[in-house]
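There are 2 protein chains.
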Amino acid sequence: MKKHNFSAGPSILSDYAINNTIDAIRDFDGTGISLLSISHRSKEFQAVIDEAGALVKELLSVPEGYSVLWLGGGASMQFAMIPYNFMRSRAGYLDTGTWAHNAIKEARLFGQVDVLASSEAAGYTYYPQLGQDYTIPEGLDYMHITTNNTIYGTELRDDLDAPCPLIADMSSDIFTRYVDVARYDAIYAGAQKNLAPAGVTLVIVKDEALGRAERPIPTMLDYRTHVKKGSMFNTPPVLPIYTALQTLRYYKQIGGIKELMSRAALKSAKLYEAIDNSAMFEGTARETDRSLMNVTFVMAPPFKNLEKDFIDFCAGRGIVGIKGHRSVGGFRASLYNALPMESVDALVEAMSDFESTHR
Amino acid sequence: MKKHNFSAGPSILSDYAINNTIDAIRDFDGTGISLLSISHRSKEFQAVIDEAGALVKELLSVPEGYSVLWLGGGASMQFAMIPYNFMRSRAGYLDTGTWAHNAIKEARLFGQVDVLASSEAAGYTYYPQLGQDYTIPEGLDYMHITTNNTIYGTELRDDLDAPCPLIADMSSDIFTRYVDVARYDAIYAGAQKNLAPAGVTLVIVKDEALGRAERPIPTMLDYRTHVKKGSMFNTPPVLPIYTALQTLRYYKQIGGIKELMSRAALKSAKLYEAIDNSAMFEGTARETDRSLMNVTFVMAPPFKNLEKDFIDFCAGRGIVGIKGHRSVGGFRASLYNALPMESVDALVEAMSDFESTHR
Numbered sequence: 001m002k003k004h005n006f007s008a009g010p011s012i013l014s015d016y017a018i019n020n021t022i023d024a025i026r027d028f029d030g031t032g033i034s035l036l037s038i039s040h041r042s043k044e045f046q047a048v049i050d051e052a053g054a055l056v057k058e059l060l061s062v063p064e065g066y067s068v069l070w071l072g073g074g075a076s077m078q079f080a081m082i083p084y085n086f087m088r089s090r091a092g093y094l095d096t097g098t099w100a101h102n103a104i105k106e107a108r109l110f111g112q113v114d115v116l117a118s119s120e121a122a123g124y125t126y127y128p129q130l131g132q133d134y135t136i137p138e139g140l141d142y143m144h145i146t147t148n149n150t151i152y153g154t155e156l157r158d159d160l161d162a163p164c165p166l167i168a169d170m171s172s173d174i175f176t177r178y179v180d181v182a183r184y185d186a187i188y189a190g191a192q193k194n195l196a197p198a199g200v201t202l203v204i205v206k207d208e209a210l211g212r213a214e215r216p217i218p219t220m221l222d223y224r225t226h227v228k229k230g231s232m233f234n235t236p237p238v239l240p241i242y243t244a245l246q247t248l249r250y251y252k253q254i255g256g257i258k259e260l261m262s263r264a265a266l267k268s269a270k271l272y273e274a275i276d277n278s279a280m281f282e283g284t285a286r287e288t289d290r291s292l293m294n295v296t297f298v299m300a301p302p303f304k305n306l307e308k309d310f311i312d313f314c315a316g317r318g319i320v321g322i323k324g325h326r327s328v329g330g331f332r333a334s335l336y337n338a339l340p341m342e343s344v345d346a347l348v349e350a351m352s353d354f355e356s357t358h359r
Numbered sequence: 001m002k003k004h005n006f007s008a009g010p011s012i013l014s015d016y017a018i019n020n021t022i023d024a025i026r027d028f029d030g031t032g033i034s035l036l037s038i039s040h041r042s043k044e045f046q047a048v049i050d051e052a053g054a055l056v057k058e059l060l061s062v063p064e065g066y067s068v069l070w071l072g073g074g075a076s077m078q079f080a081m082i083p084y085n086f087m088r089s090r091a092g093y094l095d096t097g098t099w100a101h102n103a104i105k106e107a108r109l110f111g112q113v114d115v116l117a118s119s120e121a122a123g124y125t126y127y128p129q130l131g132q133d134y135t136i137p138e139g140l141d142y143m144h145i146t147t148n149n150t151i152y153g154t155e156l157r158d159d160l161d162a163p164c165p166l167i168a169d170m171s172s173d174i175f176t177r178y179v180d181v182a183r184y185d186a187i188y189a190g191a192q193k194n195l196a197p198a199g200v201t202l203v204i205v206k207d208e209a210l211g212r213a214e215r216p217i218p219t220m221l222d223y224r225t226h227v228k229k230g231s232m233f234n235t236p237p238v239l240p241i242y243t244a245l246q247t248l249r250y251y252k253q254i255g256g257i258k259e260l261m262s263r264a265a266l267k268s269a270k271l272y273e274a275i276d277n278s279a280m281f282e283g284t285a286r287e288t289d290r291s292l293m294n295v296t297f298v299m300a301p302p303f304k305n306l307e308k309d310f311i312d313f314c315a316g317r318g319i320v321g322i323k324g325h326r327s328v329g330g331f332r333a334s335l336y337n338a339l340p341m342e343s344v345d346a347l348v349e350a351m352s353d354f355e356s357t358h359r
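So the protein sequences, as listed, match chains A and B.
Numbered per this note's numbering, the first sequence spans residues 1 to 359.
Numbered per this note's numbering, the second sequence spans residues 1 to 359.
Because the hints were derived from the structure by calculation, they are not lab data.
Be careful, since some hints might not be right.
No copy labels: a pair is met if it fits in one copy or bridges any two.
Result set (DSBU-like, lysine-lysine): computed pairs, CA atoms no more than 35 angstroms apart in a straight line [said to hold, decoys possible]:
#  : residue 1 : residue 2
1  : K2        : K323
2  : K3        : K258
3  : K228      : K105
4  : K252      : K105
5  : K270      : K2
6  : K228      : K304
7  : K252      : K3
8  : K270      : K229
9  : K43       : K323
10 : K57       : K304
11 : K105      : K229
12 : K57       : K105
13 : K270      : K57
14 : K229      : K252
15 : K252      : K308
16 : K258      : K308
17 : K304      : K3
18 : K43       : K308
19 : K323      : K229
20 : K270      : K304
21 : K258      : K43
If we strip away everything but chain A, and leave its shape as in the complex, we get (with noise of 0.2 angstroms):
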């Protein structure tokens, strides 16, 4: 059976990654040999890094003077590689949800942090407005924001206007929309969600940026290393990065961000509009920070029992991944770049079935 998969990362990629990180794995690039056994100095993946740092530069309009890197560690890791790097004696942090508020964390081994605003108290059910719950204050040696909180299903879909440079994890919604990178020092994504299968992280920096913070850096933690090494100081995760080039690659034939945006916006309305049409299921998220990629409902509290029938009920449908995380329970359906409509159609009416059935 043809499975529906929903899972929140590592996650859905496009037959067309999938099937030609295959077919390397038999025969990179007319080499004789396998994408797990090249050489990251060969000619071969030198020409694969260096066209998926120029589409990710295409796709997302970022002007001249930032680089691409290609980090292993996760975002993560970007938590502390962030103010080691940029922090020189304050910066701004959003707490908007688990991952903000593991950045925050580490910040906090590094300089003052000054949490802006924190919807923590709320269950991260809504995202901070500027203007409306905070200000930002002058002198931040920069501002950080997670674009999209992955287990709570809220997003901040518009660049902020900081009077300082932003930093930003995009783990879960880089390439669906327009970014203005130039309002960044930073931008940083898991590739697991809409790119790349788990084991790389993109990283966009400015490069004027660097080289700003006086502590002394672990080779690996300085950006500035791989800058310079364009991402090749060590062995970068080969495999990762190949697929992330097919995922790349197929952005651009099927229309770029503009086209991603349009399907990110289409999914997703479908699915809020069944969950708002239903008696049996209700969103958690404010609905104006609702996000395009982590559609997170429960079921309404007279059916709140029904919960793991509907998660069987789904299974059986070969629909998978939509299981609530533990610290929001019920369901959450994550709609990436590569998920068809006809999986957002088989969900919407597994929801309309279970609903007539159990009413």
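For this one, chain A is given, so just place chain B on it according to the hints.
Leaving out everything else, chain B in the frame of chain A:
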């Protein structure tokens, strides 16, 4: 044409590991989901990481009280993580090659580094011998060694008798000999030589040795984080770990360390014999310290100008990856576990044929 892949890393993997990885990318363990898309929180992947850890312990006879970790970032990240976690005031390092040198550089950020011996002045052509070239003072927090110097073709195949815990970078020779793990506080190995594709680092760490350094440690750089969460604090590199499991299963099937030792001895003996019996080629490392994994050799002075010709001659026979590192020149043939004897035979024959033609 079938290639004989002598690449120093990423390097040849067994057909068993490669084919099983392809199968899992098509459908991981009957889930209907690709290995590239499977959630690391799925019970099927939990089984993978559990079995991989258990097989490491079984194959290397790891005693109780040690944890097996699978981390991103490469061995170069370990150069910083080791002193971050283990250096209280003073550690000893052996300077035996480029990677050892890099490890020393990182350790100096965290405390006093005693370089107990260095073969740098001799172009790292030998491995300093305990008792003869150096002694180990009392009072070290640990002593760090690089058991195999990939670039220079030297290796230490015995576990040192030291008055302090050992810590070893075994990136290039893990799973090629028995190791008395009890002598070590930590052993680490970038997996892209004898285990998996690039993107994961194996760490074996002594649990009770952790937490002694009193500095604050960023969460991702603290081994306790990964011990506590079974390498699942954040999303681990799923595919490289899966391929590592296949390699470990394969090692067990063929007879474990005993068989791997035997094969390494036979393969390297045959190639060194060909070098020593040749008037055209000569080895670069001191004979007693020669690596069983990376065989470094050059053309003897009268033939120096033929080095490039020989590389081309080999390429014509499908022999690839034998160009020496730029700091040594000449040739480096890496004989990792997955390289079959027939590839060594092909190289030896090529050397003989080339020599006959050009003398």
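Verification of the supplied hints:
no.: 1; hint: K2 with K323; result: within (19 angstroms within a copy, 47 angstroms between copies)
no.: 2; hint: K3 with K258; result: within (27 angstroms within a copy, 43 angstroms between copies)
no.: 3; hint: K228 with K105; result: both (29 angstroms within a copy, 18 angstroms between copies)
no.: 4; hint: K252 with K105; result: neither (37 angstroms within a copy, 42 angstroms between copies)
no.: 5; hint: K270 with K2; result: within (21 angstroms within a copy, 51 angstroms between copies)
no.: 6; hint: K228 with K304; result: between (55 angstroms within a copy, 33 angstroms between copies)
no.: 7; hint: K252 with K3; result: both (26 angstroms within a copy, 34 angstroms between copies)
no.: 8; hint: K270 with K229; result: neither (45 angstroms within a copy, 37 angstroms between copies)
no.: 9; hint: K43 with K323; result: between (44 angstroms within a copy, 14 angstroms between copies)
no.: 10; hint: K57 with K304; result: neither (46 angstroms within a copy, 45 angstroms between copies)
no.: 11; hint: K105 with K229; result: both (30 angstroms within a copy, 18 angstroms between copies)
no.: 12; hint: K57 with K105; result: both (31 angstroms within a copy, 34 angstroms between copies)
no.: 13; hint: K270 with K57; result: within (31 angstroms within a copy, 50 angstroms between copies)
no.: 14; hint: K229 with K252; result: within (27 angstroms within a copy, 38 angstroms between copies)
no.: 15; hint: K252 with K308; result: neither (40 angstroms within a copy, 41 angstroms between copies)
no.: 16; hint: K258 with K308; result: neither (37 angstroms within a copy, 50 angstroms between copies)
no.: 17; hint: K304 with K3; result: within (26 angstroms within a copy, 60 angstroms between copies)
no.: 18; hint: K43 with K308; result: between (52 angstroms within a copy, 17 angstroms between copies)
no.: 19; hint: K323 with K229; result: between (41 angstroms within a copy, 21 angstroms between copies)
no.: 20; hint: K270 with K304; result: within (23 angstroms within a copy, 70 angstroms between copies)
no.: 21; hint: K258 with K43; result: within (33 angstroms within a copy, 37 angstroms between copies)
The structure is inconsistent with the numbered hints 4, 8, 10, 15, 16, although it conforms to all the rest.
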